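Protein chains: 2
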Amino acid sequence: MTVDGLVLVDAKLVTVRRRNDPFRGMPALPGGFVELGETTLEAVVREVREETGLETRMVRLVGVFSDPDRDPRGHTVSIAYALEAIGGRLKAGSDAAAIILVDPDEPPKMAFDHNAIVRKWRGP
Amino acid sequence: MTVDGLVLVDAKLVTVRRRNDPFRGMPALPGGFVELGETTLEAVVREVREETGLETRMVRLVGVFSDPDRDPRGHTVSIAYALEAIGGRLKAGSDAAAIILVDPDEPPKMAFDHNAIVRKWRGP
Numbered sequence: 198m199t200v201d202g203l204v205l206v207d208a209k210l211v212t213v214r215r216r217n218d219p220f221r222g223m224p225a226l227p228g229g230f231v232e233l234g235e236t237t238l239e240a241v242v243r244e245v246r247e248e249t250g251l252e253t254r255m256v257r258l259v260g261v262f263s264d265p266d267r268d269p270r271g272h273t274v275s276i277a278y279a280l281e282a283i284g285g286r287l288k289a290g291s292d293a294a295a296i297i298l299v300d301p302d303e304p305p306k307m308a309f310d311h312n313a314i315v316r317k318w319r320g321p
Numbered sequence: 198m199t200v201d202g203l204v205l206v207d208a209k210l211v212t213v214r215r216r217n218d219p220f221r222g223m224p225a226l227p228g229g230f231v232e233l234g235e236t237t238l239e240a241v242v243r244e245v246r247e248e249t250g251l252e253t254r255m256v257r258l259v260g261v262f263s264d265p266d267r268d269p270r271g272h273t274v275s276i277a278y279a280l281e282a283i284g285g286r287l288k289a290g291s292d293a294a295a296i297i298l299v300d301p302d303e304p305p306k307m308a309f310d311h312n313a314i315v316r317k318w319r320g321p
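Sequence order for the protein chains is R and A.
With the numbering used here, letter number 6 in the first sequence gets 203, and the count goes up by one each step, no holes.
With the numbering used here, letter number 109 in the second sequence gets 306, and the count goes up by one each step, no holes.
Just so you know, these hints were derived from the structure itself, not from any lab.
As the structure is a prediction and not an experimental result, all values here were calculated from the model.
Heads up, none of these hints are tricks.
Identical chains blur together in the list; that is why a pair holds if it fits in one copy or across any two.
Here are the simulated SDA-like cross-link-like pairs (lysine to any residue), alpha carbons at most 20 angstroms apart as the crow flies: (1) K317 - R257; (2) K317 - A279; (3) K288 - R246; (4) K317 - T236; (5) K209 - A294.
So that you can see chain R by itself, here it is in the shape it has in the complex (with noise of 0.2 angstroms):
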């Protein structure tokens, strides 16, 4: 199970340039496994401190994402969290070669089904 995090930084998207395979070089939101004992929400927290360097809290929960077909490595369920920055400052992390921050409603095509994800956030 993994969890990604939607986060606006000057009414930007933030997502991180992926360092590694799959879907390496493109830009992706932050998130990645939750670890055992952690709750979903400690996990996106801590994954987008972990990448971006940001400080956040939960706005809502924005969808649970569960195409057998999302994820090449095998079947994974994303859990995607909109949160707000309440501190720190942007910083690529190890998994991430870059930070990119996006047009929220015109991102680049972007790696998983998070493009998906994005649109289910800002909604119809």
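Position chain A against the provided structure of chain R, taking the given hints into account.
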């Protein structure tokens, strides 16, 4: 990862009396483990069908419940969905000793953290 379904029949919440430990004999929301290759939504519709005989469709995502202590067998995360019955008829399946229809606003003590799930579903 597990899924749980919240379904009303005649304005009562459909629960199943657990046949097995943990929480044997207690009412629980119908649900169970997500199988490889199915979406969480497919899983909850399947589990509700197997345990209650009802055909359902999703109304909305209620929440993600991931407290590490929610299941004494180990760390599970449950995705809870509100569903509506669209067919079938109530009949206890193999994992359930009986169907119990409960007052959704004053349910009895339930297995796992299912009372918390019901509270979240009913709202503030």
